[in-house]
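These protein sequences, in sequence, are chains A and B.
All you need for our numbering is the position in the first sequence, starting with 1, plus 72.
All you need for our numbering is the position in the second sequence, starting with 1, plus 72.
For chains that are exact copies, the list does not tell them apart, and a pair is met inside one copy or across any two.
Once the Cα atoms are required to be at most 20 Å apart in a straight line, the calculated EDC-like pairs of lysine to aspartate or glutamate come out as: (1) Lys-150 - Glu-214; (2) Lys-269 - Asp-189; (3) Lys-74 - Asp-175; (4) Lys-86 - Glu-231; (5) Lys-269 - Glu-188.
Hints listed in this document are in silico derivations from the structure and should not be mistaken for laboratory results.
Owing to the predicted nature of the structure, the values given are computational and were not obtained by experimental measurement.
There are 2 protein chains.
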Amino acid sequence: MKIVLIGASGTLGKAIERELAPRHEIISVGRNSGAIRADLRNLASLQALFKSTGSVDAIICAAGSVHFGPWNELTPDKFEIGLSDKLMGQVNVVLAGQATLVDGGSFTLTSGILSEDPIRYGASASLVNGALESFVRAAAIELPRGQRINIVSPTLLEESAQAYGPYFRGYRSVPASEAALAYSKSVEGAQTGQIYKVW
Amino acid sequence: MKIVLIGASGTLGKAIERELAPRHEIISVGRNSGAIRADLRNLASLQALFKSTGSVDAIICAAGSVHFGPWNELTPDKFEIGLSDKLMGQVNVVLAGQATLVDGGSFTLTSGILSEDPIRYGASASLVNGALESFVRAAAIELPRGQRINIVSPTLLEESAQAYGPYFRGYRSVPASEAALAYSKSVEGAQTGQIYKVW
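Chain A extracted, bound-state conformation:
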């Protein structure tokens, strides 16, 4: 398959590439790195990306920023970071990518454990992850031409535990390679509308 991987340079993206590259052609996309540059927050940037790739069999997004910070410092502007980047960025990938994706091709997006299991400082991340999971359930029944869509919800990655572990005390972490399996299941399987929890 020909697979677009957005966020290829991240911890998760690298693990996804390691999992899929032996069997497939990976087109690596990043905001500031990768074979092709694109900005999730900008629909036109993604439309240009998919024009340049031509027809593809799968589109994976493992990118997107969101604000973390103290509850009493939250403002609409801080929520806006995650709304325009991790949330609408991934919705934009679907809106822009569907014309380019083959019949029966798959989208695989990324949420995270905080949609169900919140931590301090994580209200905006919870909101964004919950939005993405419900969007995927809805998109799965509306996408044209048998296109599929799933989302992977990882817990804390082992590779990120040194940086973020203090915020996730008591949470089991998993290696990024384990989370990468869920992307393989989505891309190489036949399911749609699923939330793959890697907890």
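Guided by the hints, dock chain B onto chain A, whose structure is given.
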């Protein structure tokens, strides 16, 4: 109790008022009607609202618009309607209201069945409802002074079945009075972080 009810003139708002008014003082708020006017999309408008009410025991939001429409006509701008209104509007109610809400007081927000059980035309509504439910789970662990927060997720209301029934074929509808009970449970009970499904 002194209860702020935002969206008091809607089908759901009227039923909530009928349920709670016999036992409590209700301050009715609407965008274009009610004792006090406020615009959810504008944090300053809500801050002015809560300045005018003074200390309150409960804040209910049963308001918020979202775009419904064909999948192939969705654009970022159409998602933005629900993001700024039903989603961030209700987040704004919490951000603006917490200073005014008494210790142990409650917020009760409104999502809807589409977060879990999608329909055609409903991708933006699903996204917004899922975001709100995960936000409430997160806010429940961060709100100060024992403040509580819950969310009511109603299915199609009987009173709205003539207008929206064709989009919800096969869905059971409930009278708004039944949904109103969930708001009573949130306000007059002691739970927090709950999603009350009225399906």
